[in-house]
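The listed protein sequences correspond, in order, to chains A and B. When we follow UniProt numbering, the leftmost residue of the first sequence carries the number 1, and every step to the right adds one. When we follow UniProt numbering, the leftmost residue of the second sequence carries the number 1, and every step to the right adds one.
In case anyone wonders, no lab produced these hints; they're calculated from the structure. For glycine and all other residues, C-beta sits at the position ideal for the given N, C-alpha and C. Mixed in with the good hints there might be a few duds.
[Stated by the list, open to error] DEER-style ranges, computed between Cβ atoms: (1) Ser-147/B x Arg-89/A: 37 to 47 angstroms; (2) Val-7/A x Gly-116/B: 41 to 51 angstroms; (3) Arg-13/B x Glu-60/A: 20 to 30 angstroms; (4) Pro-149/B x Val-7/A: 26 to 36 angstroms; (5) Phe-43/A x Ala-148/B: 21 to 31 angstroms; (6) Thr-58/A x Asn-22/B: 47 to 57 angstroms.
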Amino acid sequence: MSDTIRVETGSMGRVAYARIGPNEDLVLGVEKLCLAEGFRNAFVRGALGSLVDACLGTQEGHYIEVKGPAVEIVSLAGEVRSSGDGALRASLTGVVADPDGNVYGGPFVAGSNPICMTFEVTLEEWLPAR
Amino acid sequence: MRSPVSARPPRPRTLIHPGRFNPVRIHSLRSEAGRHVRLALLPGDTLFRGLVEPLALLGIRNASMTILGGYFAELRYCVAPPDPSGQAVIAYGPPIEAGRTYMIFGNATLGKSLKGEPLVHCHAAIRTQDGSVKGGHILTDACVVSSAPIPVLVTSLDGFELRQAYDPETNIPLLQPFKAGVDE
């Protein structure tokens, strides 16, 4: 916990919108969008789309699988942070609906949430005060 | 609703789409800053009209919107199972009548349709009239705001536009970002 910043002040910067294509991973795709647009820290301002299947994490370190296609992303919030190891890390949480409209929620597991048709996302850059 | 829980993450599936694979996977554009607007969807308005009309008056035709929760007197949505025709991987199913509905949280994108008219793409989690919690693609012109205004946070997308355009890979029209005044 020693590297946890409890309070961080800053301001909002640029705004990027992307359409991420099918079979790309949701979480890694958002990280790559930040690379494409030069964002180092960002918040998700809006997102919707569909997944082939969804994979959500549990507190016990297990994985909840929601079978599609398509699994609709019906709510999503999250952020991207640059870390001290020279990498970006997106943390995304949300609610998804299966092909019968039944809903499930949790954190999206990186590498396990392939996009089905499209994923629309708006990121707003976060500029921490120095 | 419970789903399988496993100790290992499932192997992601790579679906075969009907069209040719596009090597460009992320289509993005940015603006130097976003304008933010708080809207209220008014009782009796459809979700579509309540979003599009006040933003048009502000000159906002491209935006990302968060619907912060509220009651609808009527609401229709649909889900997207596999497309039996095979023309696309999935296709929207028939409209599902949710009745008097609470929208728990919704996200929507405002852009332009193939015909050049305003288009709202909206997904939301809802509690339907029978009490079940569902989610899916919201049919915004068939959703009527109930007796209390519903707040919406809007982030405008300036300097570029979102247009519905045919996507050869998935074989359906999709919202995509374009530089203003530039055709596909």
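Can you list which hints this structure breaks, lowest number first?
Going through the list in order, the structure violates hint 6 alone and respects the others.
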